[in-house]
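With the sequences and hints as input, model every part of the structure.
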Amino acid sequence: MDFDNIIYEQIEAFIAGRMSEDEKNQFEEKILADNDLRKEVDLHRSLKYAINDKEWFLTENVKDNDEVNSIKKMRRSKEYADIESKIQKIGDQYFENEVKSKKNRKWIYYVSASVAAIFIVFFINYYSVDQSTSSLYAQYSNWKDLPSLTVQSDSENILAKGEHLFFEKKYAQAIVIFSTALEESSGQGQGFEPYILSYLGAAYLGLNDYEKALLTFDELSNSDTVDSSKAYWYKTMVYLKHDDIQKAKNMLNLILKNERNFNFQQAKELLEELD
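In this note's numbering, the protein residues as written are 1 to 275.
Among the clues, some could well be false.
[What the hints assert, rightly or not] Calculated cross-link-like contacts (lysine-lysine; reagent style BS3-like; alpha-carbon spacing at most 30 Å):
no., residue 1, residue 2
1, K144, K241
2, K247, K144
3, K212, K268
4, K212, K169
5, K241, K169
6, K257, K170
7, K247, K257
8, K241, K257
9, K144, K30
10, K241, K170
11, K170, K212
12, K249, K212
13, K268, K257
14, K24, K144
15, K257, K169
16, K212, K257
17, K241, K161
18, K24, K39
19, K241, K212
20, K249, K169
21, K169, K144
22, K257, K144
23, K161, K144
24, K212, K161
25, K268, K241
26, K268, K247
27, K170, K144
28, K144, K212
29, K268, K249
30, K247, K212
Keep in mind that the hints were calculated from the coordinates and are not lab data.
See below:
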C-alpha cells in the first residue's frame, strides 16, 4: 500500500526517535489501528538494522573466540566489502538526497531490501561454511596423539619441556625450544627429528602461522623416514583450519594413493565429509 509523503516522514521520524512523546504516542495509536501501516513501519525498521553496521555485529564487543574471529574474517573478505559498499551507496543516496515522490521513496527501500537480503544470504552461507570447516578441524586434528618426547621419564629433558609447553598452548615458547633442537647436531639424535618437526609445525599452526606450518611439514615430508607420510595429514589440517577446502582435498587424495599412509581411513572419511 502507498502512503503520502507525510506518513513516510512520520515513519522515518518514529524509527529515528525524532518524535516528541505526544507525537510518538499518537503515531503508535495509528500503527495499532492500521495493519498496512504497521507492516510498512516493520519494513523500514528491518532495513535500518540491516544497513546499520553497528547493529549487525554486536559480538565484536565480547572477548575474542573462534566465532568472533570467524565473523571478523568474513568482514575482511572481498565479497563482504563489495556488498557492504553497495549497501552504503544506497544508504548515502537515500540520506543525502531529498526524495520528492512516494514512488521514488518506495523504490529506494525496495532496492535496499534486495541488497540487504543478498547481504544476509552471504553472511549465512559464509558463516555456515566457516563453521563447518572449524568443526571438522576440531574433529580430525589429533595433536594429542603426537609421540611423547620424554626420554626415560627425564623431566629435565629439553624436548619434554617443549612438549609440555605445546600442550599448555604456549606455542611461541615451544617453537623456540623445537627450533633450537633442530639446529643442534647433538642432544637427542636424528631419530627425534620427525617428531620435533611434527610438534614444531603444529605449534606454528596453533599460532595460525599457516606458511611456517606448511614449510615445516614440507620438511617432514622430505625427511625420508617412516613418519614422512604424516606430513600429508598435518598439511590437510593446516588447509582445513585455513578454510582452503580444495587444497585439503588434494592432500587427502595423496594419502589415499597408498593404504600404508598415515591416517588412511580417516582421510577417506574426511574426504567424504568435504565432498
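So, going through the hints one by one against the coordinates:
1. K144 - K241: 17 Å, holds
2. K247 - K144: Measuring from Cα to Cα gives roughly 24 Å; hence the hint holds.
3. K212 - K268: Holds - the C-alpha atoms of K268 and K212 are around 26 Å apart, at most 30 Å.
4. K212 - K169: 17 Å, holds
5. K241 - K169: Roughly 16 Å separates the two Cα atoms, so the pair holds.
6. K257 - K170: 36 Å, violated
7. K247 - K257: 16 Å, holds
8. K241 - K257: 23 Å, holds
9. K144 - K30: Judged against 30 Å, a Cα distance of about 64 Å means the pair is violated.
10. K241 - K170: 19 Å, holds
11. K170 - K212: Holds. K170 to K212 sits at ~17 Å (cutoff 30 Å).
12. K249 - K212: At roughly 20 Å apart (the allowed maximum being 30 Å), K212 and K249 satisfy the hint.
13. K268 - K257: Between K268 and K257 the Cα gap is close to 11 Å, so the pair holds against 30 Å.
14. K24 - K144: Violated, at roughly 61 Å.
15. K257 - K169: 34 Å, violated
16. K212 - K257: Given pair K212, K257 holds - Cα atoms ~26 Å apart, limit 30 Å.
17. K241 - K161: 26 Å, holds
18. K24 - K39: 17 Å, holds
19. K241 - K212: This hinted pair holds, its Cα atoms lying about 14 Å apart.
20. K249 - K169: 28 Å, holds
21. K169 - K144: Holds, because 12 Å separates the two Cα atoms, which is no more than 30 Å.
22. K257 - K144: 26 Å, holds
23. K161 - K144: With Cα atoms ~16 Å apart, K161 and K144 stay inside 30 Å; holds.
24. K212 - K161: 22 Å, holds
25. K268 - K241: Since the Cα atoms of K268 and K241 sit roughly 18 Å apart, the hinted pair holds (cutoff 30 Å).
26. K268 - K247: At roughly 15 Å apart (the allowed maximum being 30 Å), K247 and K268 satisfy the hint.
27. K170 - K144: 15 Å, holds
28. K144 - K212: 20 Å, holds
29. K268 - K249: 10 Å, holds
30. K247 - K212: 16 Å, holds
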